[in-house]
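**Q** Sequences listed follow chains A, B and C, in order.
Each residue of the first sequence is one higher than the last, beginning at 0 in numbering that gives the first Met the number 0.
Each residue of the second sequence is one higher than the last, beginning at 0 in numbering that gives the first Met the number 0.
Each residue of the third sequence is one higher than the last, beginning at 0 in numbering that gives the first Met the number 0.
It should be emphasised that the hints constitute simulated quantities derived from the structure, not laboratory data.
This structure is a prediction, so every number in the text was calculated from the model and none was measured.
Don't take each hint at face value.
[Stated by the list, open to error] Looking from chain B toward chain A, a few residues come up when the C-beta cut is under 7 Å (computed):
hint, residue
1, G95
2, G96
3, L97
[As the list claims (entries may be wrong)] Distance windows between CB atoms, simulated:
hint, chain 1, residue 1, chain 2, residue 2, range
4, C, Q89, B, A10, 44 to 54 Å
5, B, M0, C, L96, 22 to 32 Å
6, B, R23, C, L53, 36 to 46 Å
7, A, V589, B, Y26, 36 to 46 Å
8, B, S107, A, V589, 39 to 49 Å
9, B, R27, C, Q89, 17 to 27 Å
10, A, S584, C, L53, 41 to 51 Å
[As the list claims (entries may be wrong)] To list a few chain C residues with every Cβ distance to chain A over 12 Å, as calculated:
hint, residue
11, A14
12, V20
13, G86
14, Q89
Cβ atoms here follow ideal geometry from the backbone N, Cα and C, with glycine treated the same way.
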Amino acid sequence: MIWAIVALAAPALALVAIGLIPPLRRSGRPAAWVSVAAISAALAAAAVAAAEVVRSGPAVREVLWAPLHSFPPVRFGILLDGLSATMAVLVAGVALAVQVYSLGYMSGESRPSLGRYFAYHSLFAFAMLGLVLSHNTLQTYVFWELVGLGSYLLIGFWFERPAAARAALKAFWTTRLGDVGFAVGVVVLWAAGGTFVFSELFERAADGSLAGPMLAVGVAGLYLGAAGKSAQFPFHVWLPDAMEGPTPVSALIHAATMVAAGVYLMVRIAPLLAHTPTVSAWVLGIGCLTAFLSATMALVERDVKRVLAYSTVSQLGYMMAAVGAGAAGAAFFHLSTHALFKALLFLAAGSLIHALHTNDLFEMGGLYKRMPWTAATFLIGALALAGVFPLSGFFSKDEVLAGVLDHGHRFAFAVLLATAFLTAFYIFRAFWLAFLGGRDADRHAHESPPVMLAPMAVLAAGTALAGLGGWRAIAHMLGVSVSFPEGVHAGHPPAIVPVLGSAAALAGIALAWSGYGRGLWSPAALRAQLAPAVRVLERRWFIDDLFLALYRALYLVPTRIVGWFDRYLVDGVVNWVTDRTRAASQALRVTQSGRVQDALYFLVAGAIVLLALAARS
Amino acid sequence: MKDLAFYGFAAALLAGAVGTVVSRSLYRAAFSLAATLLATAGLYFLLTAAVLGAVQILLYTGGVLTLTVYAVALTDGERLAGPRWRRPLPAAVLAGGLAVALGSAALSVEPSVGLGGLEDGRALGVEVFTTYLVPFELLSVLLLGAIFGALVVARKEREP
Amino acid sequence: MTLPRLLVLSFAMFAVGTFGVLARRHVIAVLLSIELMFNAANLAIVSAAWAHGLLHGVVVVFFAIAVTVAEVAVGLALFVLAHRLRGTNQLDDLNTLRG
Numbered sequence: 000m001i002w003a004i005v006a007l008a009a010p011a012l013a014l015v016a017i018g019l020i021p022p023l024r025r026s027g028r029p030a031a032w033v034s035v036a037a038i039s040a041a042l043a044a045a046a047v048a049a050a051e052v053v054r055s056g057p058a059v060r061e062v063l064w065a066p067l068h069s070f071p072p073v074r075f076g077i078l079l080d081g082l083s084a085t086m087a088v089l090v091a092g093v094a095l096a097v098q099v100y101s102l103g104y105m106s107g108e109s110r111p112s113l114g115r116y117f118a119y120h121s122l123f124a125f126a127m128l129g130l131v132l133s134h135n136t137l138q139t140y141v142f143w144e145l146v147g148l149g150s151y152l153l154i155g156f157w158f159e160r161p162a163a164a165r166a167a168l169k170a171f172w173t174t175r176l177g178d179v180g181f182a183v184g185v186v187v188l189w190a191a192g193g194t195f196v197f198s199e200l201f202e203r204a205a206d207g208s209l210a211g212p213m214l215a216v217g218v219a220g221l222y223l224g225a226a227g228k229s230a231q232f233p234f235h236v237w238l239p240d241a242m243e244g245p246t247p248v249s250a251l252i253h254a255a256t257m258v259a260a261g262v263y264l265m266v267r268i269a270p271l272l273a274h275t276p277t278v279s280a281w282v283l284g285i286g287c288l289t290a291f292l293s294a295t296m297a298l299v300e301r302d303v304k305r306v307l308a309y310s311t312v313s314q315l316g317y318m319m320a321a322v323g324a325g326a327a328g329a330a331f332f333h334l335s336t337h338a339l340f341k342a343l344l345f346l347a348a349g350s351l352i353h354a355l356h357t358n359d360l361f362e363m364g365g366l367y368k369r370m371p372w373t374a375a376t377f378l379i380g381a382l383a384l385a386g387v388f389p390l391s392g393f394f395s396k397d398e399v400l401a402g403v404l405d406h407g408h409r410f411a412f413a414v415l416l417a418t419a420f421l422t423a424f425y426i427f428r429a430f431w432l433a434f435l436g437g438r439d440a441d442r443h444a445h446e447s448p449p450v451m452l453a454p455m456a457v458l459a460a461g462t463a464l465a466g467l468g469g470w471r472a473i474a475h476m477l478g479v480s481v482s483f484p485e486g487v488h489a490g491h492p493p494a495i496v497p498v499l500g501s502a503a504a505l506a507g508i509a510l511a512w513s514g515y516g517r518g519l520w521s522p523a524a525l526r527a528q529l530a531p532a533v534r535v536l537e538r539r540w541f542i543d544d545l546f547l548a549l550y551r552a553l554y555l556v557p558t559r560i561v562g563w564f565d566r567y568l569v570d571g572v573v574n575w576v577t578d579r580t581r582a583a584s585q586a587l588r589v590t591q592s593g594r595v596q597d598a599l600y601f602l603v604a605g606a607i608v609l610l611a612l613a614a615r616s
Numbered sequence: 000m001k002d003l004a005f006y007g008f009a010a011a012l013l014a015g016a017v018g019t020v021v022s023r024s025l026y027r028a029a030f031s032l033a034a035t036l037l038a039t040a041g042l043y044f045l046l047t048a049a050v051l052g053a054v055q056i057l058l059y060t061g062g063v064l065t066l067t068v069y070a071v072a073l074t075d076g077e078r079l080a081g082p083r084w085r086r087p088l089p090a091a092v093l094a095g096g097l098a099v100a101l102g103s104a105a106l107s108v109e110p111s112v113g114l115g116g117l118e119d120g121r122a123l124g125v126e127v128f129t130t131y132l133v134p135f136e137l138l139s140v141l142l143l144g145a146i147f148g149a150l151v152v153a154r155k156e157r158e159p
Numbered sequence: 000m001t002l003p004r005l006l007v008l009s010f011a012m013f014a015v016g017t018f019g020v021l022a023r024r025h026v027i028a029v030l031l032s033i034e035l036m037f038n039a040a041n042l043a044i045v046s047a048a049w050a051h052g053l054l055h056g057v058v059v060v061f062f063a064i065a066v067t068v069a070e071v072a073v074g075l076a077l078f079v080l081a082h083r084l085r086g087t088n089q090l091d092d093l094n095t096l097r098g
């Protein structure tokens, strides 16, 4: 338990140090080292904590805050179990890789900027770790919001660019919308269940005291929050735009950690989901929709980071579908592998961008010669994403598909399988356009420095090896967690699943190879032929336009009405009162001549009246 | 005998009062007031409050009147430019009303002959310095303040 | 010499003084009229004290006279100043507190 606290404290201390000591922050590189050191410490501590959990089971440490007489006390607590420990290791690990990579990628930044960047990184790390280690919904919400703040600050890091500033705001507001649902869910669950603490909520759901519509509404509220953060349809709109931030940020936040927070939350409350079939059905349905829709949008993208962004949305859809289908363990496994290979892909993309100063795939080509390491690591990541044996992505994707099928959702299985085909296609389209193809893009392109390649290599190794025994390890860790009292069965999926999955993946790769590699068919011609469909995909299924129209209709109109009301009615009343007061004062002024004797008349008259009254009584 | 004195003093008092209010010359008004005050002092003596009568003569008549005469002399003297009165009618009406109101109250009092016994100066002194000690001290402060106040207010501007 | 007559006398003086306060133009004339009113009040109090044999009335009047003296002193000083600043002795001309 102490190690969990250390893991939390290290980035917090780094944040405080960099934040409160301006000379440190302005010095740039030293601030970066402080942050990197802190996150390394956090990783080590998290690993030790995980080992502890394996040895002695879940642990909880609570602190009472402000005990009141007439109200149950607010309890802050750290929940260290298999799920949170694994997540903590994952978060700290990816964060470390990204921070080290940033030392190279962000080397062009001015010193104070660099310090600010790493301060934000420490903030984010602290918030994310706090989120996964929370033992109750309210605390999770607090850290949830803090994570959102970190995301906003990091997306909008280059805030002088209007596009970046807008993207940061868009991300913040869209997730905020979901967070309203989260807050409602927290409160409803507390009202119905009498507590915020996860383990207690699970107990009450199990024994039936927390059930019915209240439970469903509460869980739905939490899901809304998760949907916002994890970019489920229709909240996904913020993620593609969030690519305005620096690429390492995209790797950390929008691949591995923050977007995973939603999935993490849903995995955490799996026992509650088990009791709300309606909500679970929605989670599954929206997950499938999200997965398929965003895969289609990735097909036509030119910007390599956008391709990866849509890919992330799509994979998050996979995870949520698994959760909705009842296979939360599979979802978490896929979350873990996705964190590794998606972060890897982003870092490789960052390597490309750093060297070529462009995100556009059509300005790239044939780069495998000049950037072999980047090409190799990107390839590994792409294979994992497509789900090719024996990479980790293959195993986790299959577990997801198997889980969905196991619980009898055949249509969902078909949709996810089709999505797998599209996934393989678009990622290898990107691979071919960037690294192969006939063009020789930029003669000055060079490989990235070791400080950037090393984290990529580490992630690549993880991606490659995590498949072997990964599922068993994850299942074991989940078994020692509060959310899975009956453990997770690490079984093998029915043979049909890996066969179909691999077939879909290989078909997609083949299609990409034939079009972009061999030139057997012309993607440009196809694009021209299917122009209307392409336009829909390029306009992101017009979802952004829909949101804008809704905003105009639902928000601006009432504000105009209220504004009119305020200007003419409220102000009108106030102004009328002041006018009347002024007129009255003008009228009454005549009585004040300034001469004492005039006032004395009234005094004496009054005295007479009083005397008369006194005499009468 | 006492009644005769009373009526005499009363007549002098009223005559002086009217004179104060009516006189065109300020000096004449001041001295009319002096007459009224002296008549009042006489009445005090009749009402057996001898000490008070002495005080009335010394302070009131002597002090107040002297001050007033000084003030008149230091400003522009007794010349009264313009009419004596402003709007005498409303003033008269109100004063009359007041007189009626007060007078009817006065007449409703039982016509008893007074008990008197107010001539004991020693007892007066004792009362002032025991029961009324605090007011006495405050009065000293007030007088001090008045002296300084008057000095400061009325002194000539100093040449810078 | 009975109490009611004494009171009537003092109230008559009071009314005359009131008339003077309300009607006279010159500042000092008004001040003199105020003195009349004070005096009338004092007389009334002493008369009541005499009627009931209360020495306290005399003490009260004693203090009242002292206070009045102080008030007159200050009032006259103010008049002298006002005369110096305004050049007038008409009460009507001191009207800067008008609405």
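**Q** Each hint needs a verdict: does it hold in this structure or not?
**A** Taking the hints in turn, this is what the structure says about them:
no., hint, verdict
1, G95, "violated (10 Å)"
2, G96, "holds (5 Å)"
3, L97, "holds (6 Å)"
4, C:Q89 <-> B:A10: 44 to 54 Å, "violated (33 Å)"
5, B:M0 <-> C:L96: 22 to 32 Å, "violated (53 Å)"
6, B:R23 <-> C:L53: 36 to 46 Å, "holds (42 Å)"
7, A:V589 <-> B:Y26: 36 to 46 Å, "holds (38 Å)"
8, B:S107 <-> A:V589: 39 to 49 Å, "holds (40 Å)"
9, B:R27 <-> C:Q89: 17 to 27 Å, "holds (19 Å)"
10, A:S584 <-> C:L53: 41 to 51 Å, "holds (50 Å)"
11, A14, "violated (10 Å)"
12, V20, "violated (6 Å)"
13, G86, "holds (17 Å)"
14, Q89, "violated (10 Å)"
The structure does not agree with the numbered hints 1, 4, 5, 11, 12 and 14 stated previously, though it agrees with the rest.
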